Every structure is written in structure tokens, then in C-alpha cells.
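With chain A's structure known, arrange chains B and C on it following the hints.
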Amino acid sequence: MSETIIKREEQEFLEEEICVAENLVYSRPKTLTDLDLHYCPGCGHGVVHRLMMEVIEELDIQEKTIGVAPVGCSVFAYQYMDVDMQEAAHGRATAVATGIKRVLPDRIVFSYQGDGDLAAIGTAETLHTCNRGESIVIIFINNAIYGMTSGQMAPTTVPGMVTTTSPYGRDVKLTGYPLKITELVAQLPGTYFVTRQAVNNPSNVRKAKKAIRKAFEYVQLNRGTCFVEIVSNCPSNWKMTPVEANKYVEEVLIPFYPLGDIKVPQEESK
Amino acid sequence: MGELRLMKGNEALAEAAIRSGCDAYFGYPITPQSEILEYLSREVPKRENLNMVVLQAESEIASINMIYGAAGAGKRAMTSSSSPGISLMQEGLSYIAAAELPCLVVNVNRGGPGLGTIQPAQGDYFQATKGGGHGDYKLIVLAPSSVQEMADFVRLGFDLADKYRNPVMILTDGAIGQMIEKVKLFEQQPTSGTIPKPWATTGKTKDRERNIITSLHIDPKEMEKINLRLQAKYREIEEKEVRYELFKTEDADFILTGYGLSARICKKVVEIGREKGYKLGLIRPITLFPFPKKLFADIATRIKGILDVELNAGQMLEDVKLSVDGRVRVEFYGRMGGIIPTPEEVLEYFENTFLKGD
Amino acid sequence: MAKVKGDIIVDIEKCKGCELCVVACPQDTIALSDKINKKGYHYMIKIKDNCTGCENCALVCPDAVITVYRKTGKKKEKVATLTNVKKDMTLEVN
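Chains as they are written, first to last, in this note's numbering: chain A, 44 to 313; chain B, 1226 to 1583; chain C, 15 to 108.
Next up, chain A with everything else stripped away, as it sits in the complex:
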């Protein structure tokens, strides 16, 4: 026997699977290869690799993107990023990127460099690439230390910071001041978009991704260099846990290297 029934069941859920395709809100980008990352637990490289590959997937530019990864912990970036890549000598990534961009002007070219690479041995190449306004994306991972070679002082090491070559804390009288290269390149007319971000908490990660996406969009206008610094961590060489390291980023590095857009295109600033 049947009769018309209306039965309202408030706030009640039928037993059902949440992990189904229609409910997917985030998954690992397909532009990251399947290989396990070799980076230390908690290392910011992993987050930035992921954000870049998400952006490349979302903008659908995998087929025309070419990357350059020089010496540093991320010299193996080409094992994780599923785009054509060239490995470069220490400091020379932006020169290599210039060579690629000049002969393949319609491709998107990026370099992915650490602080030693970009701001010590590669300073000339960095400045001149930005000065010429090569329309490439420069991703600058600044963790204020030399990671791959086990923890020496970097040009961006902050005063008082302990490293293996500044074991009593960086003494500015002896070794000079931290090099704020991002502010320097922002002054060059050849740079189009210059920003500094971090990835040490979810809110900063969201902002960093927006900035990286902007860089890969702006660079396609071919109006100059798009420079993204990411203030990052190095748990192993700072001798901290990843959680402590991200706190160090927040409490010590970010006050020294303030986050935000340093140079935006005219159109955006209006």
C-alpha cells in the first residue's frame, strides 16, 4: 500500500562516500612527475615546485614552457617538473635562459635559483638579464643559507645568523650586509613584475601561488623580467624541525625581507 508522504529530514546525511570525483577540490598536479622528491622533510622547494607545476597545468602552458635549473639543492628540479629543462652551471641560469629565450622567443622560459646561485656567483648574470629585460620568469628561493653544500653563509644570511662559515653569527663588519637583490632588480627598467612571497603557512602559500601565476601570465606579454622571490626555509642546515623552521621564517626572515609586491605593471597599479 502506498500513500503520498512528505517527510523532511533536516541535517541528516545519507551514508555516502565523500572521496569521489565530483567532490575533488585538490590533487597533485599532473605536471609534477611521480618521482619522490629528494628534498629534506619540510623544505620549501617542494611547495614551490608544486605551486609552479599547478600554475603551469592551470594555464595549460606545459607544451611551451622550458625551465633552467642550476646548481643548488634544486639542481634536480628537472626530475620533478614535467617540462623540457636544462641544467646550468652555478650562477649561470639566467644566461642559459637568455640563450633559450632569444632563439625561441615564443616559449615561456623560467629559471629556478637559490640564493648562492642568483646573488653570489650569478650576480652579474642576474643583474644583466634583468637589465636587458629578458622576458623570463625568475624564481628565486631565498633561505639565507647554502643548502646543498651543507650550510655555509649566503649573501642573504641575516646579521647574527649562525652558519658553518659564520659560526659566531654573521658579522656585518667582516662580511658585509645581506644583499637585498630583489629590491635592486626592481629598480631596473627591464623588470616588469617583482614580488617577494613566502610559503611558511597556508595564507602565505595562497598568496605565493597567486604571485607565481601572475608571473607566468605577465611573462607572456614579453614586457620584461618577472622576478619572484620566495623567502623559504632550510630545516636541515638551520638545525630545526620543519615547524620550527617555518616559525623562524615568520619571526626572523620576513621582518628582514618583507613580503609583498615590490614592482607591479602600470595597468595593475591603477
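Calculated directly from the structure, the hints in this document are not laboratory data. Fair warning: there could be bad hints in the mix.
[Claimed, not checked] Simulated restraints on C-beta separations:
no. : chain 1 : residue 1 : chain 2 : residue 2 : range
1   : A       : PRO298    : B       : LEU1441   : 32 to 42 Å
2   : A       : SER193    : C       : LYS60     : 34 to 44 Å
3   : B       : ARG1554   : A       : THR192    : 22 to 32 Å
4   : B       : GLY1360   : A       : ASP149    : 33 to 43 Å
5   : A       : VAL215    : B       : LEU1547   : 47 to 57 Å
6   : A       : SER193    : B       : LYS1355   : 30 to 40 Å
7   : B       : GLY1539   : A       : THR166    : 37 to 47 Å
8   : A       : GLU101    : B       : GLU1464   : 51 to 61 Å
9   : B       : ARG1267   : A       : GLU294    : 50 to 60 Å
10  : B       : LEU1441   : A       : PRO301    : 52 to 62 Å
11  : B       : LYS1355   : A       : VAL215    : 37 to 47 Å
12  : B       : GLU1475   : A       : THR166    : 54 to 64 Å
13  : B       : THR1416   : A       : VAL295    : 47 to 57 Å
14  : A       : THR192    : C       : ASP63     : 12 to 22 Å
Here the structure is a predicted model, which is why all the values come from computation and not from measurement. Cβ atoms here follow ideal geometry from the backbone N, Cα and C, with glycine treated the same way.
Then chains B and C, alone, in the frame of chain A:
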């Protein structure tokens, strides 16, 4: 249709670069070769339908790394410099050789060591043929000895580079770079060459895996494999690409040998020596790597002596000695500091060394 | 008010136990397991059922091991029972 022109060595080389389908020239000024960059800066914008990149980089280090990038992207890339600048490029050359990228590098040798002099010399033979940079690698080295060869070897150099995926060096000097001679220029070749480069980083399309240009191989087994592959390549080059010039060697008792500028002088020495009744001949290696070892080994048994003439302290001399392996007497005459010996002075040395007090 | 329910799937073999996700989670949903994976890391597991699918954990994960699902609340109503059919039929009203 080749055209006949009167040109300076450096400029003939630059013109040949355009005609060889070179895609990119990245360079830095240094005497005595800045004309190459200047010629290209002036001429390339004038040519219709020429997409060649000509860029003055901030240093020789930047230049060689731009070459790496462009070559890795599958294009014909070249640079030129002179001794101290070539020293700066050594790391880059090692990387290019290890990553097996084709490119052309021109060394217009000046006097050294150190900042030296701007006058011509041949002190970079070791650097060019024995390494210069770190690791077990070789450059193919071509030694022009005329303005004609300055032009022809650019085309040959690019073709060899593409064929073997190896850097090629044109080792010349300040005199040949600056001298003016007639040259027959070859017709325009296809841009980027004709050999396909499926390994180049041009953007990963859906039909293939990503291309990686690298020289980093941390696993020793992998690294050895790569080295063995490189060595096998160099053996193949030694077998197939030796080039040299012989002048009056068929009936010679004594052989003079030299390359580039010193070979020009030796040729004159052979001529004036023959007038005096000496049976002299000249072996002029054109490829310094691969060195014509077999040629020297074969000829050693039927001659009485070899005089090696160079503008250095005795560098190719060692390869000559290695090749003859003690079978014949080898002597050396050299000047340094940019001084170019006269043919008379060399002939006199030959007479005093080989003919007197025998 | 619609309740948001989320869930995560973790690739435990790729997880390096860095704990950044644990700190990032606003709901205390997750923690490191006592067990270890093949690499010897204590991998992340859910310890509560209150995940909202906010993605914070996935945002901070350096190894991209987390997949996030989120489902907004849907009310299921039994609106009518149709005659002339053998079984009850339930219609969903969003």
C-alpha cells in the same frame, strides 16, 4: 654562387657565420677579435629575412652559457673571444661537451700567459686540444691558416658540431684575424643546419617525454657509461675527421710542421730551402684534434728529421713527438710574446740544428 | 546551515612526516602516525572525523601527498511515494 671579396680574417669569419645559418652569436669584445661582434652587429640588421640573434653579453662567462642555452634549444650558436676570454669559458665548454651540445667557439689567440699582449701567438694549443676545462672531454679543433679557411671552417665547424653533438673550436690567431686576403664566400646555408635535433628543449609536446639537457650524473655507473660514450665518440672522430695539408712531402728528407700562422711561415721556409737545395716538406695539421698521428707515424721512418715551428714554448711539439714515438729526431723552433719569426730565421735554425755538425 | 564535510587521502609512502600539515590544520583533524612508512618516516593520518576539506594541509605539503575532497551539505528529503510502483522511491531535493 660563391662571391669573391677582399676581406679581413675576422670579418670573413663573421660573414661566414651568417652564411652558415648561424642562429645566434653571443660575444664580448676583446682584442684582437672584436671585429667579429662588430661586423655582425652592423651587418645582420641590414639583411632581409635574417633572424639571427646577435647579442653583446656582459662577459665571456655569460656568452658561453647563453651558447649552452641556445644550443640546448636546438639552434646553431657560436661565440668568439681571445685567450683570456677563452680561459673564462672553460667551465662552460666542459658543460657543453658533457651535455653533448653542438656549438662553435672561435679563439683568436693572442700572446700570454695572463693579460699578455694583443699580438698573435699560439700559446693556447694545450688549452684547446688537451682540455682547458675539467674532465675527460675533447673539442674538435680546426686551425685555419688563411682568410679563406677562416670562412670555410665556420661552415665545416658547424657541420661537424651538429654531426657529432660536440663543441668545435676554430683556433686562429691575431695575425690571421687581422690580415686582408681574397676570399670566395659560399652561398647561404639553411638556418639552424639540416640535422634534426629531437633531443632539444623546445617545449614538451604531447607526443614525447620531456627533454633534459644536463651533465650531472651522480651515480658512478651512469657517469662512467656517459664517459665511455664520449670516448667512443672521440675515437670515431679520430678515425674519420683528420684533416691536414701536405706540401712537397713526397721526396722530402726533412719535414717542417706547424699550424695556422706558423705553417704559413714554414711554407715559405720550404720554398727558400728548396732553392738552396734542401729537400724540405711541410705537414700542416688542419685538425689539431683529431691530430694526424698516423700520418706522422708513417712518415717518420722515411725522413731524417722534423722541425716543429710554433709561436709558443712547444705545445704541438708534444703531439708530434708522441706520434713519431722516437722513430725520428724532432726539434723545435718557437718565438713568444707576439713575435713572428721570419722564414730566414727559421731556415737558419734548421741549418744549424740539422745540417751542421752532423 | 549547510554543513561542510571533507576528507583527505594521503600517499603515506611519499609522506616525510614533516608535520607542517598538522600545524596548518585548523580542526586538529590530523597527526603523525606511530607507524612508519618504507622510508622510516612517521606519516600523517586522520585522528578525527571533522575534516572540512579546507585544503590547508595540502597547501603547505612540500611533497604533494594529500588529495582533498569537500562536499557541501545536501538535504535528502523523502518527498513522495509514488503509487503504482512496487517499491518506495526517494527523490532528492537539493
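Verification of the supplied hints:
1. PRO298(A) x LEU1441(B): 32 to 42 Å: Check passed, 36 Å falls within 32 to 42 Å.
2. SER193(A) x LYS60(C): 34 to 44 Å: holds, 36 Å
3. ARG1554(B) x THR192(A): 22 to 32 Å: Cβ of ARG1554(B) to Cβ of THR192(A): about 52 Å, so the range 22 to 32 Å is violated.
4. GLY1360(B) x ASP149(A): 33 to 43 Å: holds, 35 Å
5. VAL215(A) x LEU1547(B): 47 to 57 Å: holds, 56 Å
6. SER193(A) x LYS1355(B): 30 to 40 Å: holds, 34 Å
7. GLY1539(B) x THR166(A): 37 to 47 Å: Holds: the Cβ-Cβ distance is about 40 Å, inside 37 to 47 Å.
8. GLU101(A) x GLU1464(B): 51 to 61 Å: holds, 52 Å
9. ARG1267(B) x GLU294(A): 50 to 60 Å: holds, 57 Å
10. LEU1441(B) x PRO301(A): 52 to 62 Å: Distance hint for LEU1441(B), PRO301(A) is violated at roughly 35 Å.
11. LYS1355(B) x VAL215(A): 37 to 47 Å: holds, 45 Å
12. GLU1475(B) x THR166(A): 54 to 64 Å: About 60 Å separates the Cβ atoms of GLU1475(B) and THR166(A), which means 54 to 64 Å holds.
13. THR1416(B) x VAL295(A): 47 to 57 Å: holds, 53 Å
14. THR192(A) x ASP63(C): 12 to 22 Å: Violated, at about 46 Å.
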